[in-house]
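**Q** Sequence:
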Amino acid sequence: MIVVLDYGMGNVGSIVNMLKKVGEEPTVATRGDQLGPAEKIVLPGVGLFDKAIENLTERNFIEPLNAAQASGKWILGVCLGMQLMTRKSEEGKLPGLGWVDAEAVRFQFDKLEKHLKVPHMRWNLAEPAKASPFFDFPRTREQRFYFIHSYYVRCGQAEDILTRTVHGHSFVSAFMRGNLIGVQFHPEKSHKFGIEFFKRFAELEPA
1 MIVVLDYGMG NVGSIVNMLK KVGEEPTVAT RGDQLGPAEK IVLPGVGLFD KAIENLTERN
61 FIEPLNAAQA SGKWILGVCL GMQLMTRKSE EGKLPGLGWV DAEAVRFQFD KLEKHLKVPH
121 MRWNLAEPAK ASPFFDFPRT REQRFYFIHS YYVRCGQAED ILTRTVHGHS FVSAFMRGNL
181 IGVQFHPEKS HKFGIEFFKR FAELEPA
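Once you know that position 62 of the sequence shown is 62 in our numbering, the rest is easy, because the numbers rise by one and skip nothing.
Incorrect hints may appear among the rest.
[As the list claims (entries may be wrong)] Only pairs whose alpha carbons sit at most 30 angstroms apart, straight line, appear in this in silico DSBU-like list of lysine-lysine:
| hint | residue 1 | residue 2 |
| --- | --- | --- |
| 1 | LYS88 | LYS189 |
| 2 | LYS117 | LYS192 |
| 3 | LYS88 | LYS130 |
| 4 | LYS73 | LYS88 |
| 5 | LYS88 | LYS51 |
| 6 | LYS73 | LYS130 |
| 7 | LYS130 | LYS189 |
| 8 | LYS130 | LYS21 |
| 9 | LYS117 | LYS189 |
| 10 | LYS51 | LYS117 |
| 11 | LYS73 | LYS51 |
| 12 | LYS199 | LYS21 |
| 13 | LYS93 | LYS20 |
| 14 | LYS199 | LYS73 |
| 15 | LYS189 | LYS51 |
| 16 | LYS192 | LYS130 |
| 17 | LYS93 | LYS73 |
| 18 | LYS20 | LYS189 |
| 19 | LYS117 | LYS130 |
| 20 | LYS21 | LYS88 |
| 21 | LYS130 | LYS199 |
| 22 | LYS117 | LYS93 |
| 23 | LYS117 | LYS88 |
| 24 | LYS192 | LYS73 |
| 25 | LYS21 | LYS189 |
| 26 | LYS93 | LYS51 |
| 27 | LYS199 | LYS189 |
| 28 | LYS192 | LYS20 |
[Claimed, not checked] With beta-carbon atoms standing in for the labels, derived distance ranges:
| hint | residue 1 | residue 2 | range |
| --- | --- | --- | --- |
| 29 | VAL28 | GLU63 | 15 to 21 angstroms |
| 30 | MET121 | ASN66 | 30 to 36 angstroms |
| 31 | GLU25 | GLU58 | 24 to 30 angstroms |
| 32 | GLY13 | GLU54 | 20 to 26 angstroms |
| 33 | GLU63 | PHE109 | 35 to 41 angstroms |
| 34 | GLY168 | GLU58 | 19 to 25 angstroms |
| 35 | LYS93 | THR140 | 41 to 47 angstroms |
| 36 | GLU159 | TRP123 | 26 to 32 angstroms |
| 37 | SER132 | ILE62 | 26 to 32 angstroms |
In case anyone wonders, no lab produced these hints; they're calculated from the structure.
Ideal Cβ positions, reconstructed from N, Cα and C, are used throughout, including at glycine.
When you get a sec, could you build the whole thing from the sequences and use the hints?
**A** Spelled out as structure tokens, the structure:
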């Protein structure tokens with residue numbers, strides 16, 4: 001069973017619809033005690049880092065999420081959800097979930113880079129950095145995803161980097177560490193590429 005978290009910040013409906021397109025029947029959890037039956041978890045996120053942590057705390061998600069992570073259940077973080085998996089963000093003061101040795105930092109461009117906009121809001125390529133169940137490596141074809149974000153994740157461990165994308169400079173657009181997958185892009189808004197991504201996520205063997 002795939003459970004999608006609804007804590008008031010994320011494209012929950014779009015993710016549920018995408019999972020249904022690949023043959024899944026996901027459930028939506030609005031509080032922590034609904035995570036028990038989950039074999040896989042999707043942690044979406046749109047908005048402010050601190051507000052997201054506060055909402056997860058208020059809805060009693062933190063402890064069940066930590067338990068799920070420790071037990072090896074697959075957890076997919078999308079956009080802000082990816083950033084929440086890290087230690088911290090420049091955007092906020094509260095600590096993240098701390099599952100991955102990484103932090104979220106803001107895009108910074110100088111006066112010679114005025115053509116580069118923040119937020120990074122467009123379709124862009126995800127270039128695989130290592131083998132995984134999600135992306136062909138070495139790459140055999142282009143895989144484009146939709147991005148909208150002002151902060152990106154800086155990984156402390158190079159082996160965690162799953163894909164890179166270029167917006168002024170190369171940044172981590174996906175990481176994978178054990179049972180954790182974080183993607184900065186929005187697969188739920190990425191049409192055929194998003195459908196394929198969710199199909200591969202659904203096909204992962206439960207822990």
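**Q** Against this structure, judge whether each hint is valid.
**A** Hint check:
At most 30 angstroms may separate the alpha-carbon atoms for a hinted pair to count; LYS88 and LYS189 meet this at roughly 26 angstroms. For the proposed pair LYS117 and LYS192, the alpha carbon gap of about 26 angstroms is at most 30 angstroms, so the pair holds. Using a Cα cut-off of 30 angstroms, the hinted pair LYS88 and LYS130 holds, with the two alpha carbons roughly 25 angstroms apart. Taken as a hint, the LYS73 and LYS88 pair is honoured in the structure, with Cα atoms around 22 angstroms apart against an allowance of 30 angstroms.
Restraint check: the Cα-Cα separation between LYS88 and LYS51 comes to about 13 angstroms, which is no more than 30 angstroms; the hinted pair holds. Between LYS73 and LYS130 the CA atoms are separated by roughly 21 angstroms; this keeps the pair inside 30 angstroms, and the hint holds. The suggested pairing of LYS130 with LYS189 holds, with an alpha-carbon distance near 24 angstroms, which does not exceed 30 angstroms. Among the hinted pairs, LYS130 with LYS21 is consistent with the structure: their alpha-carbon atoms are about 27 angstroms apart, no more than 30 angstroms.
Of the supplied pair hints, the one linking LYS117 and LYS189 holds, its CA atoms being roughly 20 angstroms apart against a limit of 30 angstroms. Of the pairs offered as hints, the one joining LYS51 and LYS117 holds, with about 24 angstroms between alpha carbons and a cut-off of 30 angstroms not exceeded. Note on LYS73 and LYS51: the hinted pairing holds, with a Cα-Cα distance of about 25 angstroms set against a maximum of 30 angstroms. Restraint check: the Cα-Cα separation between LYS199 and LYS21 comes to about 9 angstroms, which is no more than 30 angstroms; the hinted pair holds.
Restraint check for LYS93 and LYS20: not satisfied, since their Cα atoms lie roughly 36 angstroms apart, outside the 30 angstroms limit. Our distance criterion of 30 angstroms between C-alpha atoms is met by LYS199 and LYS73, whose separation comes to about 17 angstroms. The hinted pair formed by LYS189 and LYS51 meets the criterion: a straight-line CA distance of about 23 angstroms does not exceed 30 angstroms. For the hint linking LYS192 to LYS130, the alpha-carbon distance of about 22 angstroms falls within 30 angstroms, and the restraint holds.
Our distance criterion of 30 angstroms between C-alpha atoms is met by LYS93 and LYS73, whose separation comes to about 28 angstroms. Taking the CA atoms of LYS20 and LYS189, the gap is about 14 angstroms. The hint holds against a cut of 30 angstroms. Taking the CA atoms of LYS117 and LYS130, the gap is about 28 angstroms. The hint holds against a cut of 30 angstroms. In summary, the hint linking LYS21 to LYS88 is not supported, as the alpha carbons are separated by about 34 angstroms, beyond the 30 angstroms threshold.
Annotation: proposed proximity of LYS130 to LYS199 holds, straight-line Cα distance about 19 angstroms (limit 30 angstroms). Proximity of LYS117 to LYS93 is assessed by CA-CA distance (about 25 angstroms); at most 30 angstroms being required, the pair is judged to hold. With a C-alpha separation of about 24 angstroms, the suggested pair LYS117 and LYS88 falls inside the 30 angstroms cut-off, and the hint holds. At most 30 angstroms may separate the alpha-carbon atoms for a hinted pair to count; LYS192 and LYS73 meet this at roughly 26 angstroms.
Restraint check for LYS21 and LYS189: the C-alpha separation of about 13 angstroms stays at or below 30 angstroms, so the hint holds. Proposed proximity of LYS93 and LYS51 is supported: the alpha carbons are some 10 angstroms apart, at most 30 angstroms. Using a Cα cut-off of 30 angstroms, the hinted pair LYS199 and LYS189 holds, with the two alpha carbons roughly 14 angstroms apart. Among the hinted pairs, LYS192 with LYS20 is consistent with the structure: their alpha-carbon atoms are about 14 angstroms apart, no more than 30 angstroms.
At about 19 angstroms, the beta-carbon gap between VAL28 and GLU63 stays in the expected band of 15 to 21 angstroms. Taken as a hint, the range 30 to 36 angstroms holds for the pair MET121 and ASN66, whose Cβ atoms sit roughly 32 angstroms apart. A hinted range of 24 to 30 angstroms holds for the C-beta pair GLU25 and GLU58, which are about 28 angstroms apart. Restraint check, GLY13 to GLU54: a C-beta distance of roughly 22 angstroms satisfies the suggested window 20 to 26 angstroms.
At roughly 39 angstroms, the beta-carbon separation of GLU63 and PHE109 lies within the given 35 to 41 angstroms, and the hint holds. Judged by the Cβ atoms, the range 19 to 25 angstroms given for GLY168 and GLU58 is violated: they are separated by roughly 36 angstroms. Hint check: LYS93 to THR140, Cβ distance near 43 angstroms, so the stated range 41 to 47 angstroms holds. Hint check: GLU159 to TRP123, Cβ distance near 28 angstroms, so the stated range 26 to 32 angstroms holds.
Hint check: SER132 to ILE62, Cβ distance near 27 angstroms, so the stated range 26 to 32 angstroms holds.
Of the numbered hints given earlier, the model fails hints 13, 20 and 34; all others are met.
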